[in-house]
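Listed in order, the protein sequences are those of chains Z and V. Using numbering that gives the first Met the number 0, read the first sequence as starting at 0 and increasing by one per residue. Using numbering that gives the first Met the number 0, read the second sequence as starting at 0 and increasing by one per residue.
Honestly, I wouldn't trust all of these hints.
Just the calculated beta-carbon pair ranges, DEER-fashion [to be verified]:
(1) Z:R238 - V:F163: 53 to 63 Å
(2) V:V364 - Z:K235: 36 to 46 Å
(3) Z:R238 - V:P192: 51 to 61 Å
(4) Z:Y245 - V:V364: 55 to 65 Å
(5) V:V354 - Z:E236: 43 to 53 Å
(6) Z:K171 - V:G275: 43 to 53 Å
Listed below are the simulated BS3-like cross-link pairs for lysine-lysine, each with C-alpha atoms no more than 25 Å apart in a straight line [to be verified]:
(7) V:K349 - Z:K95
(8) Z:K171 - V:K39
(9) Z:K92 - Z:K104
FYI, nobody ran anything at the bench for these hints, they're computed from the structure. Heads up, the beta-carbon is just placed ideally off N, CA and C, and yes, glycines get one too.
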Amino acid sequence: MKINRREFLKITGAATLVLATDSIADVLSNSDFIEALPAEKGGIEGKRWGMLVDVEKCTKAASQGCRKCVEACRKENNIPVLDDPRRTPEWIKIVKVKNEFDDSKELYVPLLCNHCEHAPCVQVCPTQASFRRKDGIVLIDSHRCIGCRYCMVACPYNARNWNFKDSLEMLKEINPEVPRRSHGVVEKCTFCFHRVDKAVEEGKNPVPACVEACPEKALVFGDLNDPNSEISKMIKESRVYRLREYLGTEPSVYYKNLR
Amino acid sequence: MVELEFEKIKGESKEFFATAFGLLILVLWGLYGFLYTYTKGPWVTGMTNQIPWGLPQVTIVYLIGASAGSLIISALGGVFDKEEYKVFSRLAAYLAALMIIGALLVIFVDLGKPEHAFNLFFHFNFRSIFAWNAFLYSSYLLIIVVYLIAQFERKETLVKVLAFLAVAWAVLVHSGTGGIVGFIYSMELWHSPLTPPLFIISAIASGIGIMIPLLVITFKYTNRELDINLVKGLAKIMGAMIITLLYCFTVEHLTRGYVPGNSEALHMTLFEAPFGTVFWFIQIFVGMIIPLALLIYPKTFNSVKWICVASILLAIGVFAERYTLIVPGLSYSKEILPGMVVESVPPFVKGASYVPGWTEVAMVVGVFALIFLLFMVGLKIFDLLPKIEEVEEVAE
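Excised from the complex, chain V in its bound form (with noise of 0.2 Å):
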């Protein structure tokens, strides 16, 4: 067998630089953003009493998941003896690492007290699936990151264990995640024991979504060369995992739908604007639809640039799951007095609308561009891409 070696990246070209400065300025936007929060308090957010929850939320769990995606793919040549996968296994860890950094970071300047967060190791609330959260993202940061240093330092039982490790973990994470929203049964639209499965499927999804294109983009801006039957190998996961997403989606609406009280909320968030939009459109339609289609359609499924489009339609459509998961929930104000006919409840409505204000776009674009940032950085210290051999280089 011949040993696969890895190397750094020179890093040296205008471009390299040129991207990096672009990145830099929207993590000093969303640094801008967390202190103008943090200082004026969160008057200047979009969010409201009636939805304290909002993007910064909904990108929190897409990162987490598509961080456990990541760290899931990059295992696979771990756990399944899947030689040819460890090409990107580095790269899938090293990108799965700083997804988990990210959703962190995001929680942290989301938070109302962010000089407080330390109470969550200091008073740890064990009925709280929130408190177990923070006790599991931690720990799967240790872990990815010895899983790395163990790749680097080429501890080939080690890596192998902590694969397994790291993959059992994945799943803990976003299980618990899941969780955070699922174990909420005073909304009929957040409680539910499907959103900790239906959170791995669409973690694994999001997570090869983003590393394909990623996967191309560095490998091809590398010079190296990118094996076609990889990528589709990830792509089919990718098939999967849409099919079995939509399946999901339709037994739990259906589940829920039944009930006769939960008919307005569900109409609400499926044939509503702008969350049936959402749903229909941006989330079925584009995020799986048309990408299941590209996978399926021979001529479009052997070129590695309709399975980018693809792939990266699904991360698109895997963040607005995420969305009309949470804003809806939290939009169809509880019922608090059954049988009554609600004339008002000022400020609680049915159908309360969201939009983030500037501080948490800046936060969440900054958070993303920091995640880049890092991405190349981390290709120029560490061994993270496959040695180029010397004859397949070729001038253009």
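Isolated chain Z (complex conformation) (with noise of 0.2 Å):
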């Protein structure tokens, strides 16, 4: 048999729409719901919400081996532990670090996606699965997401991870609030969306998971435009940092005695 050029040409162009087409049908089809978008995408305009970090406070207890907000996490957000810690999904880590002119002085950091105004995942993401709430909570929409791990190049604070594997089969207990991420997408901290969401539907104030565990109140979270909160009053009390704030990425997460 002999194909000429029209007609090869012909038949690789009905390959592909017929490729094409079936990718959209299933795009379409997947309206599962567990996976499907966080169902309040804009969140609330004019809230920002925020977290404040003592790291002295941190310390005192994780020296001690306290991993209670790591613990709650991974609880709360149906986060497993893999086999190979290079692949575990990590929402929240403690880091153990010291500093460069007193190294006597050892402090342990808590590390979670810092939610920036200006966030690179979000720039760089080609799907816009990466998005910015209206009260400043950056999300990953997973039945939008591909996959292409470029938000976890740009991020300038490893918060990102790939979920190596599917989540919900490791698992014994799954927490049926939160949204269900399949293997191959990218996850991180959402600062507990669907606590928020839920607390500010009932007027009370939101308290993340990792918040809510902690023995020493060293996490504090709230609304960072709203001049009252708590957090916005320890901000102006005391001397803060943001991590790498050079970059201009605008963190909402502040760090408190982290010297």
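Two chains, two frames, a set of hints: combine them into the complex.
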């Protein structure tokens, strides 16, 4: 059989079209409710949720082995522990550091997504799967994420994780409140947006799982735009730092006593 | 002026089918690698949260570059009115199309969620250079296809116009690819305005590096005569590219190294195994110094065989260049807490290692095999090669 050029082009064209429509149909039909978009895509206008971390308080407990925030986060957000620590998702982690000028002083610093105002991940995401809500929370729409990992590369804080395995397969208990992430997509700390939305609806102060779990009250969560909130007052009163501020990303996570 | 005639090859020899069959096996291995990763999740790859980009990204950048380089070479005849270069203008353009298809394929199979890929076109993010590239790559492929058809149909004016457009688009496409790396300001080893121009130079270098041996082999096995001056002309461009590349590396590393804060990161990249070894030995010495020497020394420069050796070495050198750009940047963990000595940031460490898993290797090898397979098939169904003049056919 001889195929001439035109026929060849026709065949490849048709094959591409079939593949294309197939993928579109797949995307459209994939409306599994637990994997669906975060229900409130917007958040509330005018709010800006943020966190203040008191490193001194954290060090007090963490140096004794406390990892309550990490455990609470895993439980709340269905995060499994994988065999390989280099691939285990960590939405919040505690790192041990020493001051360059005074190495007798050990500090334990919790690291999590900084929910930047000018978030590099949102900038680089080719499909707008990473987005910033009106209330400042940066989220990933796992339904839209193609798993290219450009955001992980771009994030100055290493806050993002690739889902190497389907998390639900490895968990004994599952919290049905949080959106499911299948393997292949990128995930990270959400500031427990499901808790935030629920609390706001009920007129209460929102408390993410890590903040709730901290025995030293080293983590404070609140509205940075409200001058009367606990967090705003504390930021005004004390010397605070934000990580890699020179990049201009304007993080929403502040650190106190990080020296 | 004598009109240059083109024709298909018969492709009925045993060797032709044996080679095609061998390539097909590799393609199937790659397909299996993809399906395996797709069903089991990225767990089976060699990537980690610290190094989420590895062999596939190195290959993607390499293939896009080689494609852009190949297309620029193909359009030389049209843009600079070099009649003698028209001999391979179809072949080079066809190869450029195959390599960009290969690059798109690697991007696709490497995605964590390939079935979501069409979101790239539904939810375009204008602030993302990656999204712009999705547009650039697809339009680039379209331009090559039209450019090829115009050549097949012998629409001379259109070919000329498209040659200009193709060169411009190739430069855009690969500058955009450079931007993907160069725009990332969270990593000192990546953030650089030099990356896009550097990518164009590497593109032309690797494009010719792949083109020359392929041209020589194809002409040899189809009993066609290839003018050595043509090969030498291409080799001269290649030599100029090597010198420019060496200059760019020097400028970039000196500028970066001048910042005291970068010394540790640069030391890891340039002087510690494995990155230092790859950089000095494969990229600089084997990949560029030796080819340059072969092109400068008159005896080797006058031999098609040695020029082929230089080309292949350079093609490998540029692959190493893509590796020493992408992987060390990720391997050197970002300094999140300046002024602090980090005692432990498991699992993020300085100098993290990356060993590709078998699925990544299979996918990359499979795509390369597919490119060569389609190249052979293309010779059989399209008029890509110049017609043999009957008198020149000499039986061996």
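A quick look at each hint next to the structure:
1. As the Cβ distance of R238 of chain Z to F163 of chain V is approximately 60 Å, the hint placing it in 53 to 63 Å holds.
2. Hint check: V364 of chain V to K235 of chain Z, Cβ distance near 59 Å, so the stated range 36 to 46 Å is violated.
3. Between R238 of chain Z and P192 of chain V, the C-beta spacing of about 36 Å breaks the proposed range 51 to 61 Å.
4. Between Y245 of chain Z and V364 of chain V the beta carbons are some 43 Å apart, a value that contradicts the proposed interval 55 to 65 Å.
5. Distance hint for V354 of chain V and E236 of chain Z: a CB-CB separation of about 50 Å, consistent with the stated range 43 to 53 Å.
6. Between K171 of chain Z and G275 of chain V the beta carbon distance is about 46 Å. The supplied range of 43 to 53 Å therefore holds.
7. Note on K349 of chain V and K95 of chain Z: the hinted pairing holds, with a Cα-Cα distance of about 15 Å set against a maximum of 25 Å.
8. Simply put, K171 of chain Z and K39 of chain V have alpha-carbon atoms about 20 Å apart, close enough for the 25 Å limit, and the pair holds.
9. Among the hinted pairs, K92 of chain Z with K104 of chain Z is consistent with the structure: their alpha-carbon atoms are about 20 Å apart, no more than 25 Å.
Violated hints, listed in ascending order, are 2, 3 and 4; each of the other numbered hints is respected by the structure.
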